[in-house]
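Mind assembling these two chains? They're in different frames, but the hints should get you there.
Chains A and B, in that order, give the protein sequences.
The numbering used here applies: residue 521 is where the first sequence begins, and numbers increase by one.
The numbering used here applies: residue 317 is where the second sequence begins, and numbers increase by one.
FYI, nobody ran anything at the bench for these hints, they're computed from the structure.
Ideal Cβ positions, reconstructed from N, Cα and C, are used throughout, including at glycine.
Careful: at least some of the hints might be erroneous.
Unchecked claim - Only pairs whose alpha carbons sit at most 25 angstroms apart, straight line, appear in this in silico DMTMM-like list of lysine to aspartate or glutamate:
1. Lys788(B) x Glu613(A)
2. Lys759(B) x Glu680(B)
3. Lys529(B) x Asp812(B)
4. Lys788(B) x Glu664(A)
5. Lys566(B) x Asp812(B)
6. Lys788(B) x Glu595(A)
7. Lys599(B) x Asp532(B)
8. Lys1016(B) x Glu610(B)
9. Lys724(B) x Glu664(A)
10. Lys941(B) x Glu561(A)
11. Lys566(B) x Asp388(B)
12. Lys939(B) x Glu664(A)
13. Lys694(B) x Asp467(B)
14. Lys566(B) x Asp601(B)
15. Lys600(B) x Asp690(B)
16. Lys600(B) x Asp701(B)
17. Lys694(B) x Glu970(B)
18. Lys788(B) x Glu333(B)
What the hints assert, rightly or not - DEER-style ranges, computed between Cβ atoms:
19. Glu804(B) x Gly599(A): 58 to 68 angstroms
20. Asn590(A) x His578(B): 28 to 38 angstroms
21. Asn1022(B) x Glu574(A): 36 to 46 angstroms
22. Pro623(B) x Glu535(A): 50 to 60 angstroms
23. Gly506(B) x Gly548(A): 23 to 33 angstroms
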Amino acid sequence: MTVRFTLNGVPVSVECAGSRRLLDTLRGDLGKTGTKEGCGEGECGACSVLIDGEVVDSCLVAVGQVEGRNVLTVEGLAGPDGTLSRLQQAFIEHGAAQCGICTPGMLLAAHVLLQRTIRPSAADVREGLAGNLCRCTGYTKIIEAVLSCTT
Amino acid sequence: MCPAPVTAVGRSVPRREGADKVTGRARYTDDITVQGAWSGRTIRSTIARGAIRSITLDPAFDWSRVVVVTADDIPGDNVVQLIREDQPVLAPRGGEIKHKEEPILLLAASDRATLEEAATHVRIEYELANPVFEIGSATEVFSTVEITKGDVASVERTADLVVEREFRVGLQEQLYIEPQGAIALPEADGAFRVVGSLQCPYYVHRALKRALKLTDQQAIVVQAETGGGFGGKEEYPSIVAVHAALLARKAGRPVRLIYDRHEDLAATTKRHPGVIRHRTGVKKDGTLVFQDIEIVLDGGAYCTLTPVVLSRAAIHAAGAYSCPNVRIRARAVATNTPPNGAFRGFGAPQSLFAAELMVEHVAEQLGGGVSSVDLRRKWMLRLGDTTATGQVLTESVGSELVLDAALKAATTFQPSNIPTVRRGRGLSLVFHGSGFTGSGEKKLSGTIAMEALADGTFRILTASTEIGQGTKTIFCQLAADALGVPLERVTIAPQDTSLVPDSGPTVASRTAMIVGRLVQEAAAEIKQRLQRERPPLRVDKSYIQPDSIHWDEATYRGDAYPVYAWACTIADVDVDTTTGEVRVTDLVTAVDCGKALHPVMAEGQIEGGCLQAVGWATIEEIKMKDGGYQNDRLATYLIPTALDAPRIRTVLIENPYSRGPFGAKGIGELPMDGPAPAVIAAIHDATGVWLDEVPATPEKVLAALNGAQRREAAQS
Ligand code: FES
Ligand code: FES
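Pulled out of the complex, with its shape left as it was, chain B reads as follows (with noise of 0.2 angstroms):
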């Protein structure tokens, strides 16, 4: 038999929710009525650190018309299952609290007027303990990575030039635009079904039995339309379905929790900001000789996936490029702000920024007419070499394509025609592995199953979920033609525990490539077996790691990634001097994503990340005071509009991945690592000054420019 025809994948089809989508039809969580429901809300500490002395309620409110869940209304264990046991999901009486805004008592009633009310009626008092916000003051480690290639101290002499740098990254909130939300449905025999916003339906699935006591079947979780994650809906949702199946157990009915604006940005989580040092040496010719680089990241009061996210950020630290010794010491510490936690790129952009603006760096100390551009193709992994965990990359190595690719794309450059402004271009070659770390893919073993139904019909059964990403669409186009069937015939079963296994969570750049292929094989599985059998078929498929990737956990060593994904951004700003208004008026960017299964959506994604990257460059600022975050509205907390945003051009290559489904590598975070450093580099071009740090806010970019000038008056 002759293979059946490639037909739907590489070709951008509608996505499968786009009707549903721009009729209005689509239901998201809050757009879900169910009857008799109450709503819920949490009441939150207002102080940093400390203890709770007391917990009044008002004994002139009357409180037979409100629910109220405190720690104590907890059946099983209070802690938010995650990584480490440090969460609590109420904070006890008499016990610790740790950050501001950290959830104390749940509040549910029938109208918000009554809720509203209740919640002026209650008196927390507090025993206040002293504070650390700073990185520098912290004392508790959440955890340490080092990483050690070839060996620096040994070679440091004989570099002829060392360049030493301290670069600051700050706090970024996710911002998708459909807030947290869940709604908790008490059922039979003592089950809970929780439909929310979520990216990960058995994360909060293991949550609830942890915290409610409940088996695997008495806790259901359905993910409902989601309305954007970007890592913000991997781990926090837990808390949030914990907290309304708590109020819909007490209240015996169904509870909806569904946050607003200002609560969201006030007490989730946000990218972990920190501090990269960098000290490389080289040779008078460029040749890179080592990298010595030292990451501290603020986790914020609780653990929550920090250890994963200084793992990935250590990873990539040393950027794309190949250096025979390499030493990089990271750690994250533990302070008194709400917690930081999973952000799309997940830590790398944080150390990718740095590795990338070191390059900038280097470049200009060498002086000679050494480009960066030419440092970077000196420096680069190419096919066969090592990286700074000792990976052979052995295939799929984009980076002299997408180097070559955003070159030739770029437009020529256009210097400003207006005085005071100046205009600067910058570039970035970044990497970024593809799917969990190490062995993380190993121990997960994320699993889907098809069936093979009797009216003809194909039907993929997965707990990958849709967050705007294209996951739906992309899953039935990989079954499509791994079945042969045209893509009208497979369709993709909802995301509820009780009817999907679990393939991991949605994230890691892990669904298209290592999910998709299962889907891909499980769909070749079932052709095969129906030309002997009768549907209804069903086959699960389970992720098993090849036997040719090795990772040591302790030493970090060996394959890091099964693949890495590859781009080169070029940014244009234009820099106001007047008022240290940084604007990107034009990015280009080549991407390597092995292949493009649906070419509009992997554009989409590339040029969505690039756009919350920008954003992280330049306005996204978030200003602590004591302990909370000061832009915790819509109105202070800014994100480029649709006249910020620059034009943004898409290359899109495929270097296929041999173990990828039809070559693709994931690429939903890399989008996210490259532009921050261009911006960075084109406003240095642009104005001379280097800011070293994101964002690079009208404030500093003002400074900077103002510090250069005195520098140059001095001099003169």
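Next comes chain A alone, as it looks inside the complex (with noise of 0.2 angstroms):
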């Protein structure tokens, strides 16, 4: 079947089983290799992408399920431009990405705990984060990274 979905912004359509998953689609079809694979089973958050500003795990989502909807990924973090994020140049300050692979599925969640909520506490941001396993920061830069874009 053809899929059509927004994907950073930009329509577009992949020729391909309404049951594949969308992380298939998006690191296979097109490309997004950001986007990564950690368990397949929804339990790392290695795979979080936005669809319609939720975090959602694109190995538990098949793609015929975005059909005309809109999904974030990290490659769509930075403005056009490729000038960084504030919560990009964030992680990088503080250290918040070490060996990088929970990084994109870090950044979405966090995008979205940040939008929101105004003011979060570091409960909140560890609340929020709670879906994407991180083995190499002990959270607690990842954490401060999230609290330094808030003032």
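Right, dumping it as structure tokens:
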């Protein structure tokens, strides 16, 4: 089938089985390899993307489900001229990305959190990132980076 | 000429590959597209021990679309090149199976559907044999270590108090978030290029040469961006790479072999579990008389790096303490479980866990108001003291500094105000040898090169890998300052064995300290030569063991490590007495790192290591069934989330080491050592029960609490 949706603000259409995982479509068909696969079972959040502003595990979503919707991946976070977003910049400055494999998912989860909560506390940030596993940082630097974007 | 100002070292400059990592541009193995590549997969044993009776490819299936590789297709030796020759690349027909998930057959196809279908048409029949799963019933020994200082037997009677305890430590998975993977590409002249997620390009290089019978030039290993390693990508990638290359060889085209999480958890190496027994004798006033320690580690089915892990475990077994009489007897045994291997800390977390809890037990039994902190102060290794191997500590001994700093940084203890939750606090003091053990660095003689290019830039050539810990950034900082040039003028070449020399593996907390020092020295030499010569210039630098370091492998006497890094950790825990759940609520750690080359990265390493240790201490559990792991999915093998993680505060202490680059010592593994014993001590502080084992799962905590209650009831 043909699936049409908006990816990082640009309309796209892909020819594939509607049951294909959104993760595979993004990475394979559309070359957006910023979205990672850590488990394929909805446990790690490395594959997090935003669908109409909601964080979802793209390994658990069939591409048919995003017909007509807005999908945002890590590639869509920087400005059109490549300027990093404040959050991306903060991740670099605070050392929130070590090996970086969890970073795309973390950024998207944090992005939503910052949009929804005016002044999130450290506890809010922990709650908001609880679906995204990181094995490198112990989360401390990630939380600092997110909190630095609230002032 | 006045010395150039230090401008990069000590500053938390942006990570080299930071922008790529926050934009999704960084290319990890599975992100690399290769035209015409097929996908591969591994068919593994379903039994723990036996022999392969037959392998049948179902004739009803169309095998023309699939490439099949068995042990018969290995052109070189059917051996995973490492310490011993015991592990086959693929179990041969008629050969022995020694553990579940042992690789037997490899398949590749153009698409995943065909591949998955083909896998269901392979039948393997086995001859079953009796497996050994328990350390206690193991008969094969991989290695032993004995360390003797003074004479325990002759002073035993002089102790006023002898405390005996047994400790148990469990399996742990590294759980890098990017699973193992490699892509093999056949190239001209019989060469194979392997791109993969790995820590040690030259380990893989050697393994490829051996199994595929390649020359130095025919084996090309390139590290892709790597999504975490923690030791898990030290030796295992050799297997993935060789498998991928065998498939590529037979298919005559590139093959990608990327594990999914389930396969990664089920088949790859774990932290060695073990049993450690201590007998410690003290005088009434707490003076340490002797330490008698026995360590048994479970190596699993094949040797991998077990003897080196055991060695580090034994050397750290007496803890950060000075005792005149020490006997350490350690052995690693074989069982029919998947092989255990490298994992951050490399045996030291296991033995230090026991050593630290022993301090607590001795303090408790001594009574008389002597706290475990008092005992640590009394026992701790100080400048000029001698370790268990007879090494005299001549510089950069941070034991007291870290203890004081951690105590100072700890917040005022607040007891829990929830009736069913008890709060407690525990402390640990540990040390960790930086770099390879004994003569390891000398034998290896790691090499780097530096080039001064005609355009005024400088390039570092090293096989040391970036796995998140900051190698690329730190090396550039070191070079920039030693050259006296802005950081932007220094670049680092890709970790590609056809370009860079063998700097040794990226393990053992050796990269910043040992290899970093070579970078600094090479840069200084280039700077000097540039006063007389014009670029391009190249300087190669290899590690030369200082004459002052002596190590006797036969007797295990001497300078086990060039220097030690030190840490004191204080953990607060909440124990829910109804569920047995343990939550670490606060964690402070003071670390003597010599010099913080990049403070933010140093803290990040420490915080990540501490959380990994907290996971090991509390929730990371692997239960065994018939020689396989029951917790072989992320839904059942749990690691701490942002919600489980405590607030971690790091205090960096700079206590320079004269031969480290700008004074730095290796700290990659140290943070894995301290938190587990601190957490167990905190659980005792909260509840009055001792666990003496990790992980302290709710099940075990509840059982211990109930046991204590029953004992109390029986006594009243
Ligand atoms: S890959 Fe989707 S949650 Fe792990
Ligand atoms: S930075 Fe490596 S997993 Fe988060």
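Results for each hint:
{"no.": "1", "hint": "Lys788(B) x Glu613(A)", "verdict": "holds (16 angstroms)"}
{"no.": "2", "hint": "Lys759(B) x Glu680(B)", "verdict": "violated (45 angstroms)"}
{"no.": "3", "hint": "Lys529(B) x Asp812(B)", "verdict": "holds (20 angstroms)"}
{"no.": "4", "hint": "Lys788(B) x Glu664(A)", "verdict": "holds (23 angstroms)"}
{"no.": "5", "hint": "Lys566(B) x Asp812(B)", "verdict": "holds (24 angstroms)"}
{"no.": "6", "hint": "Lys788(B) x Glu595(A)", "verdict": "holds (24 angstroms)"}
{"no.": "7", "hint": "Lys599(B) x Asp532(B)", "verdict": "violated (60 angstroms)"}
{"no.": "8", "hint": "Lys1016(B) x Glu610(B)", "verdict": "holds (24 angstroms)"}
{"no.": "9", "hint": "Lys724(B) x Glu664(A)", "verdict": "holds (23 angstroms)"}
{"no.": "10", "hint": "Lys941(B) x Glu561(A)", "verdict": "holds (23 angstroms)"}
{"no.": "11", "hint": "Lys566(B) x Asp388(B)", "verdict": "holds (12 angstroms)"}
{"no.": "12", "hint": "Lys939(B) x Glu664(A)", "verdict": "violated (35 angstroms)"}
{"no.": "13", "hint": "Lys694(B) x Asp467(B)", "verdict": "holds (21 angstroms)"}
{"no.": "14", "hint": "Lys566(B) x Asp601(B)", "verdict": "violated (71 angstroms)"}
{"no.": "15", "hint": "Lys600(B) x Asp690(B)", "verdict": "holds (14 angstroms)"}
{"no.": "16", "hint": "Lys600(B) x Asp701(B)", "verdict": "holds (22 angstroms)"}
{"no.": "17", "hint": "Lys694(B) x Glu970(B)", "verdict": "holds (23 angstroms)"}
{"no.": "18", "hint": "Lys788(B) x Glu333(B)", "verdict": "holds (8 angstroms)"}
{"no.": "19", "hint": "Glu804(B) x Gly599(A): 58 to 68 angstroms", "verdict": "violated (23 angstroms)"}
{"no.": "20", "hint": "Asn590(A) x His578(B): 28 to 38 angstroms", "verdict": "holds (32 angstroms)"}
{"no.": "21", "hint": "Asn1022(B) x Glu574(A): 36 to 46 angstroms", "verdict": "holds (44 angstroms)"}
{"no.": "22", "hint": "Pro623(B) x Glu535(A): 50 to 60 angstroms", "verdict": "holds (55 angstroms)"}
{"no.": "23", "hint": "Gly506(B) x Gly548(A): 23 to 33 angstroms", "verdict": "holds (31 angstroms)"}
Hint compliance for this structure: hints 2, 7, 12, 14 and 19 are broken, all remaining hints hold.
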